[in-house]
Amino acid sequence: MYEAVHVAPDGESPAADVVERAARLGFEGVVILARDATPDHDALGDEAGVDVVDGVEIVAPDPERASGAVGGHRPEHTLLAVRGGTDRLNRFAVENERVDVLTRPMADDGDVNHVLANRAAANGVRIEFDLGPVLRKTGGRRVQALRGLRKLRELVADAGAPFVVSASAPSRLGLRAPRELVAVGEAVGFDPAAVRVGLQEWGELAARNRHRRSASFVEPGVERGPYDDEGSS
Amino acid sequence: MKHLPKHLRPRWRYLAVAVETRPGASLDRSDFQRAVWYAAGNLLGDAGSADADLRVLRFSFDSDAGEGTAAVRARHGEVRPARAALACVTEVGGESVGVHVRGVSGTLRGCTAKYR
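So the protein sequences, as listed, match chains G and A.
In terms of the working numbering, the first sequence is residues 132 to 364.
In terms of the working numbering, the second sequence is residues 1238 to 1353.
Hints in this document: simulated from the structure, not taken from any laboratory.
The beta carbon of each residue, even a glycine, is placed where N, CA and C say it ideally should be.
Hints may contain errors.
[To be verified] Listed next, the stretches of chain G that the computed footprint assigns to chain A, with coverage defined by at least 3 CB atoms under 8 Å from CB atoms of chain A:
id	region
1	264-273
2	298-306
3	311-317
Work out the full structure, taking the sequences as your base and the hints as a guide.
Encoded structure:
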């Protein structure tokens, strides 16, 4: 299972600490969602013995600026996420096939409806279930977050939209082990198997995108085969 | 009070918990116990919290390393809610902490011996 993390300067902890703790908690890999951070993914992965995925998270105030950033970052990174949080940004992300993940769609003023969930399913944009507020907030804030998660869960299930699960840890201490996340998900009404699928989805996305970026890939279903001399005529 | 016959005594599971915080912080058992109770009460509610009946039995903390271990007792069959409640412990005595269940045992001795 994989987890998406933020590292310094976007998060509070240095990349090496975050990756090391994630490895200790039993994750197979981590996706570093960078904004300003420029970690050395291969060196971090070798050090900790986990797969470290080169991801980027686009945090923009409006779709116009997000759109420019998507175009600029897409060729350079394995995984591209757009942070939601307003209706317009959520709409932009799910309409855009080049976006892999829509993060924190229900944060702040953001909302999702059946139209957006169906668009996400059609475009293969993963919707993130952010367990962070469930873990770290209490009282009214947590109730709001839970209400958002429940609504999102029903919409995603109805539309058959793909999804990912994350604890959106702000620092290394905010990370929680996969089994803990499954238990928390179950306590707040998720199907435990769905939480596991959501944690694995980060890894599957990374594998798919790496394959797409490899030299043999032409387009979905079309690849350069291994028969260049004798096989071709 | 006379102790209960064996088949009526509650059965327990013991969770070996690793606690991590910044080096130099000092945490003690009562702070951790309070944080666990609050987390369980807030996440599981009064009824769920009473069912899980979480109690911190052992707590050791190395202030220099900022790491510690605890043995937390939970009622048999309530390990999943207990795990969820422990995952929601994010602050102990004003220090932010990372909590991780390393394993679950049927006896306290097993818990402390295997996951020291």
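Hints and how they fare:
1. Only residues whose beta carbon comes within less than 8 Å of a beta carbon in chain A count, and the region 264-273 of chain G has 6; three or more means the coverage holds.
2. Look at the region 298-306 of chain G against chain A: 5 of its residues bring a Cβ nearer than 8 Å to a Cβ of that chain, three or more, so the hint holds.
3. A stretch counts as covered by a chain when three or more of its residues have a beta carbon under 8 Å from one of that chain; for the region 311-317 of chain G and chain A the count is 5, and the coverage holds.
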